[in-house]
Amino acid sequence: MFAEQASDYTINRIPYRARYKVKFDGSQSELEATLLKFLKDLEAILLDQDEPIRENPIENRYELTAILNEDLEFSLLVYWPNDEQSPIDITFDLDSPDPVELPIDDVFLNPAKDVFPEIQLIYNFLTRPKITTQKAKNRPDLRKNYEWIKNHRHEYRGRWVALQHGELLADAASSRELVQQLNSTAQTLLTVVY
Amino acid sequence: MILQFADGEPFAVGATTYLYAPATDQDMSDRIQLPIVFELSEATDVLAVVDTGAPYSILDPLIAKQIGFSPEMTLERTAVTVRGVKLRGSLIRLSTTLQAEVGENLTIDSTTFIPDSEEQWNQFPSFIGQAGFLERIRFAIDPNTNTFYFGAP
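Chains as they are written, first to last, in our numbering: chain C, 1 to 194; chain E, 1 to 153.
If you are wondering where the hints come from, they were derived from the structure by calculation, not from laboratory data.
Each hint should be verified, as a subset may be incorrect.
To be verified - DSSO-like, lysine-lysine: derived pairs with alpha carbons at most 27 Å apart:
(1) C:K21 with E:K86
(2) C:K37 with C:K21
(3) C:K113 with C:K40
(4) C:K130 with C:K144
(5) E:K65 with C:K130
(6) C:K113 with C:K21
(7) C:K21 with C:K137
(8) C:K150 with C:K137
(9) C:K23 with E:K86
Based on the sequences and whatever the hints tell you, model everything.
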C-alpha cells in the first residue's frame, strides 16, 4: 500500500452535492436580509432559528444552514467570506446523504435566479456517479509507450517523460518542468520512470 | 478475449495491457500501471498505479491544474499519509477513463484526491485507488499476458 488515510481523518461518506456561486453587490446586512427572505420564500427550515447566520472562525466565513426540502432530505449550506470585501462572493452547497434525482431547477435554481440572476452552477454531483462505455479506438501506441519505458527506464530513472506513439517528446526533473515544455498534453502519456 | 460469466454474460467490457514495472524510487517490486485518461475541462493520458490499498485515486496536482482543476471544485477537504508524510488536499469528482485495447473504454465519475502541494507530491506517480474508483467496477488480471480486464457491474 502506497497511501493511506491520515490517522486523524476518516473516510466519510463522500457527499452528493451541487455547488452554485454568485457575487452579491451590497452590504453584509443587505445580504443577510436577502438570504433570509429567499429561504423563507422557499419554505426552508433554518437549522438555528435564533441565530441563523453564524461566523465560522476556522474557515473565516459566515454560514447559514437550512433544510431545503424535508421530503427530499437535502440541506443547503450558504457561506461567504468575513473579509468585508465587496462584491461578496457567496457559495451555495446543496448536500444529500444519498444520491437522488432532484428536480433541482424547480426546487432551487429557478427561485434563486429571481433573487440572484447571475447565479452559476459550479458542479452538480447530487446523482449517483455515472459509469459509461464507448467503443475503444485502436491504440497501438500504448504498447509502444510501454516498450519505450521498459527499454529506457534505467537511462531515465527518476525523470518525468512525455511519450507519444513510443517516442519521447520531452523529459524533465519534475512534472511542472515537463508540462512547461509541452504545447499540449492531449494524446500524450505523462509519467515518471523508475 | 473478454471474460464471461457461466451464463455467457460478459464480466468485462474491455481489456488492456498493463505496464509491470517499479513506480516509485522505493519500489522493490513491480507494480501494475495502466493508461488512464483524467478529464475535467481538458483531458490527459496518465500512467497510473493500481493500488487496492489506497483510500482514493490520487492525481498529480500539477496535472490536475493542467486539465482544469480549481479549488472551488472541492467536495471535501481531507488528508492522506504517503510514506509517513501527511498530505492535505481536495477530494473532487472527475471523469476517469480506462482505455481498452480490446472491447470498450470504461468511463467512471471517480472520486479523486488532489494533493495541495506540488513539491511534496513531486516524484510520485498518479494512482487509481479503491474508494471512489475500483470499488465501482469489476476487474481481473492475467499475469501471464499482463492483461487488465475491466467491466461495469
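For each hint, the structure was consulted:
no., hint, verdict
1, C:K21 with E:K86, "violated, 31 Å"
2, C:K37 with C:K21, "holds, 18 Å"
3, C:K113 with C:K40, "holds, 15 Å"
4, C:K130 with C:K144, "violated, 31 Å"
5, E:K65 with C:K130, "holds, 23 Å"
6, C:K113 with C:K21, "holds, 11 Å"
7, C:K21 with C:K137, "violated, 38 Å"
8, C:K150 with C:K137, "holds, 24 Å"
9, C:K23 with E:K86, "violated, 35 Å"
In summary, the structure is inconsistent with hints 1, 4, 7 and 9 from the numbered list given earlier, while agreeing with the others.
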